Amino acid sequence: MIAHLPILQVVIPLLAAPLCMVVRIPRLAWTIALLASSGAFAISLLLLQTVLETGTVSYLLGGWPSPWGIEYRIDQLNAYVLLLVTSLGTIVLFSAPTSLGQELPADRHPLFCTAYLLCLAGLLGVTATGDVFNLFVFLELSSLSSYTLIALGSDRRALTAAYRYLIMGTIGATFILIGIGLMYMTTGTLNMYDLAQRLPEMSQPRTLLTAFAFFVTGVCLKLALFPLHQWLPNAYAHAPSVVTAFLAATATKVAIYVLVRFVYSIFGTEFSFSTMPLQTIFLIAALLGIFICSVSAIYQSNVKHIFAYSSVAQIGYMILAFSFGTATGLIAMLLHLFNHALMKGALFLAVGAVIYRVGSSQLQDFSGMGRHMPWTMAAIVAAGLSLIGVPLSVGFVSKWYLVVAALEQDMWPIAVLVLLGSLLAIAYVWRLVEVAYYQQADNAHVDVQEAPISLLIPIWTLVAANVYFGIDTRLTVGVSEMATRALFGAGP
Amino acid sequence: MTAVAVVLMRDLFAVVMLTGIYSLLSASFFVVFDAVDVAFTEAAVGAGISTLLMLSTLTLTGRYAKESTQKPWLALAIVTVTGALLIYGTLDMPTIGSASAPIHQHVAPRYLNDSMQEIAVPNVVTSVLASYRGYDTLGESFVIFTAGIGVLALLMVLQRRRASDVDAHGPMHQHLILRIVAKILIPLILLFALYVQFHGDYGPGGGFQAGVIFAAAIILYSMLFGLSAARQTISQPLIFALSAVGVLLYGGVGVACMLLGGNYLDYDALAEDPVAGQHLGILLVELGVGITVASVMIIIFFTFNGRSLSERGRRR
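Chain order of the listed sequences is A and B. Just add 1394 to the spot in the first sequence (first one is 1) and you have our numbering. The numbers in our numbering rise by one with no breaks, and the one at position 242 of the second sequence is 238.
Honestly, the hints are just simulated from the structure, not real lab data. Remember, it's a predicted structure, so these values are computed and weren't measured experimentally. Some clues are possibly wrong.
[Stated by the list, open to error] Here are some chain B residues the structure puts well away from chain A; computed CB gaps all over 10 Å:
no. : residue
1   : V28
2   : D30
3   : S52
4   : T57
5   : L72
6   : V121
7   : A272
8   : L276
9   : L279
[Claimed, not checked] With the Cβ distance kept under 10 Å, some of the chain B side facing chain A (calculated, not the full set):
no. : residue
10  : F138
11  : A149
12  : P233
13  : G258
Beta carbons are placed, not taken as given, at the ideal position from N, Cα and C, and that holds for glycine.
Using the sequences and the hints, build the whole thing.
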């Protein structure tokens, strides 16, 4: 069975999805979904172990040899992202029945589980595949189901937000498809490994440039790089809380993975960074994103909006690290990818717990919650500290590598800007802390209780992970370094 | 020209009709390029069923678009730049039908030359679709399934036996000719769908097109004889279950291959003789695709129309 791990990784959640729809009993559907996603989590652990021991794993779908059939190709980079997606997906799903209880009528829960699993399977498929068209198919699967998940928000504004995301996401997907089509036209192959070998030999630089431009723009739409991020804040703010936590922790991360995969493994660093002005564009977009979105976050009055804008800013940090084009930069980016997922997963779940008790995510309604919901608010503070980058948290680790990567390039102004960005993070986290701890609760909320234990366990698991991976960095740093070495070794 | 008209028009009914024409034109375009299977799909999906679905959306909204005062110059500029870039990129495209183009040099020759020995299905498109790249097709059928889930999750009307007398006789009960012609046509359409389904191995066709045609027959029936009559024939829980059964069948074939010792979706493992295994595998997965596509299309139509009936009921 070990040989089949790469495909089981994707197919288990994929096939469990229609099952959830057929059983139609909310509790049972959730159990199936949880089993499927924990199964996927276990498989991703095994896969990571296999890849670390034996190197890249290849799986031929349908038994057809590689450029003719579809190939799954797992190396350190995918295995790392697969682990991230499945672990966060499972932890978040654990809190779904309680958290959704108030946001969605019970007869829709099986449909929710189906869409959630489809989204999970889509993201995993995008990450695991070694075939560019297959990547597009699973990207569509994950996008379509995430529009559905967002639109399930109890607020009617969720529909507008989902519609907006649908339009932007479809434009992104079309651009990606155009890029893939042009690549196929120049090379005649869809296999990533094959593409990487054939692309440099091709004598049609124009088509290649266009393919690259369309593809990168499409992916940037998906990963919400400033200024293509407009769909994100409202989509995150109006979606059900579990969906926000899930998407914030995984969807944009997978899009960033796709970017890394294409730039490093397919087009090659030389083409991406020398022929194309990618470095400068990304540097500017990332810095603008960090500052404009951090400042916007300070002025929001809805807590989910605060953290959504903060997400765009954090994506800015990742793209900043990416734009250095160096090994240290890539390590910093991969670290932040993982660490940010842990922070935002914890934060959005904790905000979801407050919404569960208070019924609103307005900043004003958080007043006094430090006293009424001590555990939940403590989790927000802990994850917030991690977001700022305080030592002993994962945030510190990724900021440290980012600053080192900047200094390595003698770009000390950028290192200073990164630290300034952290100050802005202090500002928006502090606003929440001030309201929650130094203000009295509204009269309507004086009898608010602590969140139920079924919500606290996932939240604190993630908070613990924030601290654990901040101290013991063997897994994250180790795998990021190995993945980076493999990518730089494989590049032309 | 059709596309420009679609953008400029305010009458949404005409817009829907024009998009249908647009799809039909692109279908003929595909025929010119010898891509008959794609043309068939485009004609069935683009010109056929999506026009129907858009029309049923129009019954929910209004017929005319609101005048917008915004002048989206920025968007126009971006679209122009994108279009220019696309043309720039395709200028050095190999000429149509050139045998030396990379796509004909690398992967395709094996599909064309060896698929007869390896799969023995005369329609190469079907071998590529269902076997060489069968996993993509599995993904596609899941995408369609997801669309069905999306529509259901958002628009499902609570299953109360609501005023079925709203359309006791069907909306068209005075159109005798339409009803009689349809009664003759519907069995033929269903039969044709089955032909397309099972003839996919030999000529253009397969699960996607067959599913859409099958659904079109049911939709025609429910348009003429009323939604409640159609729902009596095809109960909603059944159709929900079927949409899941289709994708499960496809995925299950893959799992079966795995249990029999092959890789996922390696149909060779299904029978003693690899070619027989390929045939069986392709037959089953195409059936899965057909079932899912047909039931999702019916779900979408039923849900949209169930919604518009309930809105009408509320207004009364």
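Original post:
Is it the case that D30 (chain B) keeps its Cβ farther than 10 Å from each residue Cβ in chain A?
Top reply: Non-interface label on D30 (chain B) holds, nearest chain A Cβ at 17 Å vs cutoff 10 Å.
Subject >> Minimum Cβ distance from L72 (chain B) to chain A greater than 10 Å, as the annotation requires >> reply: 15 Å, holds
Subject >> Interface hint compliance - A149 (chain B) to chain A, C-beta minimum distance less than 10 Å >> reply: Status holds, d = 4 Å.
Original post:
Beyond 10 Å from every Cβ of chain A: is that where the Cβ of T57 (chain B) lies?
Top reply: 13 Å, holds
**OP:** Could you check that no beta carbon of chain A comes within 10 Å of the beta carbon of V121 (chain B)?
**Re:** Nearest chain A Cβ is 15 Å from V121 (chain B), so the label holds.
Original post:
Is the hint on F138 (chain B) kept, meaning its closest Cβ partner in chain A is under 10 Å away?
Top reply: F138 (chain B) check passes; min Cβ-Cβ to chain A is 6 Å, inside 10 Å.
**OP:** Check the non-interface label on V28 (chain B): least C-beta distance to chain A beyond 10 Å or not.
**Re:** 18 Å, holds
Original post:
When you look at the beta carbon of S52 (chain B), is every beta carbon of chain A farther off than 10 Å?
Top reply: 18 Å, holds
**OP:** Please settle this one: L279 (chain B) was flagged as non-interface, so is its CB more than 10 Å from every CB on chain A?
**Re:** Holds, because the least Cβ-Cβ distance between L279 (chain B) and chain A comes to about 15 Å, which exceeds 10 Å.
Subject >> Hinted contact G258 (chain B) with chain A - closest CB pair below 10 Å >> reply: This interface hint holds because 6 Å falls under the 10 Å limit.
**OP:** Answer holds if the nearest beta-carbon of chain A is closer than 10 Å to that of P233 (chain B); otherwise answer violated.
**Re:** 8 Å, holds
Subject >> Whether A272 (chain B) stays farther than 10 Å from all C-beta atoms of chain A, as the label says >> reply: Consistent with the label, A272 (chain B) stays out of reach of chain A, its closest Cβ about 15 Å off (over 10 Å).
Consistency with the previously given hints is maintained throughout, with no hint failing.
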